[in-house]
Amino acid sequence: MNCYFSDFKRLISLKTFNCLKLVLFVSLLSSHVNASTLNDVPNEKDNVELTDKTPITSTEKVNAEFWLAKLKTALTESNFQAGIVTMKADKTTTYNWVHGVVDDEEKVEVESISPLIGGGISNLRHNKVVTFIEPNKEPYSIQSDSIRRFIPPIFYQDSSQLTDSYQFVLVSKNQIGGRSAQLIRIESIDDTTYNYWVWIDVQSALPLRLAFVNEKSEVIEQVLMTHLSLFTGPTEEIIKLSQHNLPEPPSALIATHQETNNWNMSWIPNGFSLIKSDRHHLSITREVSDYYLFSDGLVEFSVYVQRQLESFNSPLVLQEGAMSFVMVRSDGFDVTVVGSIPPETAHKIAISVKSI
Amino acid sequence: MTNKHLESISALLDDEVNQSELDSTLQQTVDTTENVEAFSRYSLIGDVLRNEQLLETNGSFAAGIQAAIANVEQEVVTEDSSVVDISSHVNWRSKVASKLKQFSQSSTGRNSAQFAIAASVALVTIVGVSNIPQTNSQYNAPVAQTTPLVSGVAPVSLASDGVKNRPSANQMTQTRINALIADHQQQLKAVDDKKEAIDTNEDKKVIEP
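Read top to bottom, the protein sequences are chains R and X.
Taking my numbering, the leading residue of the first sequence gets 141, the next gets one more, and so forth.
Taking my numbering, the leading residue of the second sequence gets 339, the next gets one more, and so forth.
In short, the hints are calculated from the structure, not lab data.
Just to be clear, a hint being listed does not mean it is correct.
In silico lysine-lysine, BS3-like type, Cα no more than 25 Å apart, as pairs [said to hold, decoys possible]:
1. R:Lys268 x R:Lys313
2. R:Lys313 x R:Lys416
3. R:Lys380 x R:Lys268
4. R:Lys210 x R:Lys268
5. X:Lys439 x R:Lys416
6. R:Lys356 x R:Lys231
7. X:Lys527 x R:Lys231
8. R:Lys228 x R:Lys488
9. R:Lys488 x R:Lys356
10. R:Lys228 x X:Lys527
11. R:Lys268 x X:Lys527
12. R:Lys277 x X:Lys437
13. R:Lys247 x R:Lys268
14. R:Lys380 x R:Lys228
15. R:Lys210 x R:Lys277
16. X:Lys527 x R:Lys212
17. R:Lys212 x R:Lys313
Please read all numbers here as calculations on a predicted model, not as lab measurements.
Same shape as in the complex, but just chain R (with noise of 0.2 Å):
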């Protein structure tokens, strides 16, 4: 108290000019004393998260692969319902995603999605057959381990087949919707493709939100779990899933292509291999094109090379999300390439097709 009267006292007898600059000093102490404060705080999270951390370590290596592992667990044998939203470029969708295992007389894996807002196609999977459900429309069914919607394939198979192209990162812990995530990057090696980010579930080991970031670190199209609800068993809603009918997929010699080997890929980016190549019409312009798909188990992208358009300024690149449209001009014949990879390397491919 005596300290501070005194300083009082000397405060009032300086002038004015002197008066400020104590205060500015004063305020410079504080700011730099509340910084430390900050600082101190982050800390502490890291010293809990260690601590989390290490009762998991002592029973298994803890690396990327086993949090992708755990994913795929996951995915094909938990009981949850989820809402789900993905933001493409300024498209934002919804989606109702219910998974389940119903063991009664044969294991049914159970799986349907479907979006949250208007009549759009809804599918529903029993273990390997997934079928679409359109309004107006017959439903069809093919066969797929996984609804191709808003989780790469690969987290349903094995991983580390992307440890070609790809090299996995175990980041830190963030926080997603209340409960607690584990971030892993699956990071290209060449940059030829979009990095994904994965944020798990430590709980659950599902995903929470999922992102195609770029080189510069900028997360461009990204799907988002807005709840999770999950369960013991299989709930009612599960097990009506899965008494549905559904229709049988038509067997592989009907679905045969002709293949087209006419064109020569110069320049494909490592890790992708060719999945399909056929001719066929494309069904809006009834146009015909030879087709090649190529996958790295994570991202795909189509190559089509058609007959020349009179119009249109080459090279033609277009964005959205994740995903480039790249069109050009090539000796006599137009080349596209769509796909989930930067427009960059779509070019690339695109201007590495030749005739044989």
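With chain R held as given, fit chain X onto it using these hints.
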């Protein structure tokens, strides 16, 4: 009202009276000089209206009018020269002019002529300043509202026109783009089973060597 008693004179001159009225009216008219003047004026008006006589007036009337006009003009000129800079407002003009005149005529005003000049300058500036924002604000309000509206509307309409025009110019390109993107998404839907088979084959290939 005041002309009520002159009505009979007017009627007399218009030949609309009977004998008894004529007698009484003439009798009244003689009584006062006002009535006599009225009689002469009315008869003159009637003659002029009936084109029976050219209007002959004495010079005093025209001179009076001229004098009146001269006075009015003088007043206006003095006001304009002294106060027109201050404000376009009529009331401001006359008020300030009269105040300045009063002030300059008063003894204190003469004694402090310099102050008077300074004060008038100050008044001019004050009135001028206070007037400029007023006129400006009158113009500003609509300008401030219309400018964003115009700039907001114009680019949008231009941009939308441009967007509308371009597809029509390159409609073939646009339909092809749509067709290719739709086909790409269609192809992705039905790819899983095959892709998986190839992937596993590749894995085998990798393992074999």
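Hints, verified against the model:
1. R:Lys268 x R:Lys313: violated, 33 Å
2. R:Lys313 x R:Lys416: Between R:Lys313 and R:Lys416 the Cα gap is close to 39 Å, so the pair fails against 25 Å, i.e. violated.
3. R:Lys380 x R:Lys268: With a Cα-Cα distance of about 18 Å, the restraint between R:Lys380 and R:Lys268 holds, given a limit of 25 Å.
4. R:Lys210 x R:Lys268: Holds. R:Lys210 to R:Lys268 sits at ~20 Å (cutoff 25 Å).
5. X:Lys439 x R:Lys416: Distance ~102 Å between X:Lys439 and R:Lys416 Cα, so the pair is violated.
6. R:Lys356 x R:Lys231: Status holds; Cα separation ~22 Å.
7. X:Lys527 x R:Lys231: holds, 20 Å
8. R:Lys228 x R:Lys488: Distance ~24 Å between R:Lys228 and R:Lys488 Cα, so the pair holds.
9. R:Lys488 x R:Lys356: Satisfied, since the Cα-Cα distance of roughly 20 Å is no more than 25 Å.
10. R:Lys228 x X:Lys527: Roughly 18 Å between the alpha carbons, so the hint for R:Lys228 and X:Lys527 holds.
11. R:Lys268 x X:Lys527: holds, 13 Å
12. R:Lys277 x X:Lys437: The hint is violated at about 91 Å.
13. R:Lys247 x R:Lys268: holds, 12 Å
14. R:Lys380 x R:Lys228: violated, 32 Å
15. R:Lys210 x R:Lys277: Violated - the C-alpha atoms of R:Lys277 and R:Lys210 are around 37 Å apart, more than 25 Å.
16. X:Lys527 x R:Lys212: Roughly 20 Å separates the two Cα atoms, so the pair holds.
17. R:Lys212 x R:Lys313: Answer holds: R:Lys212 to R:Lys313 is near 19 Å, not above 25 Å.
Of the numbered hints listed earlier, those contradicted by the structure are 1, 2, 5, 12, 14, 15.
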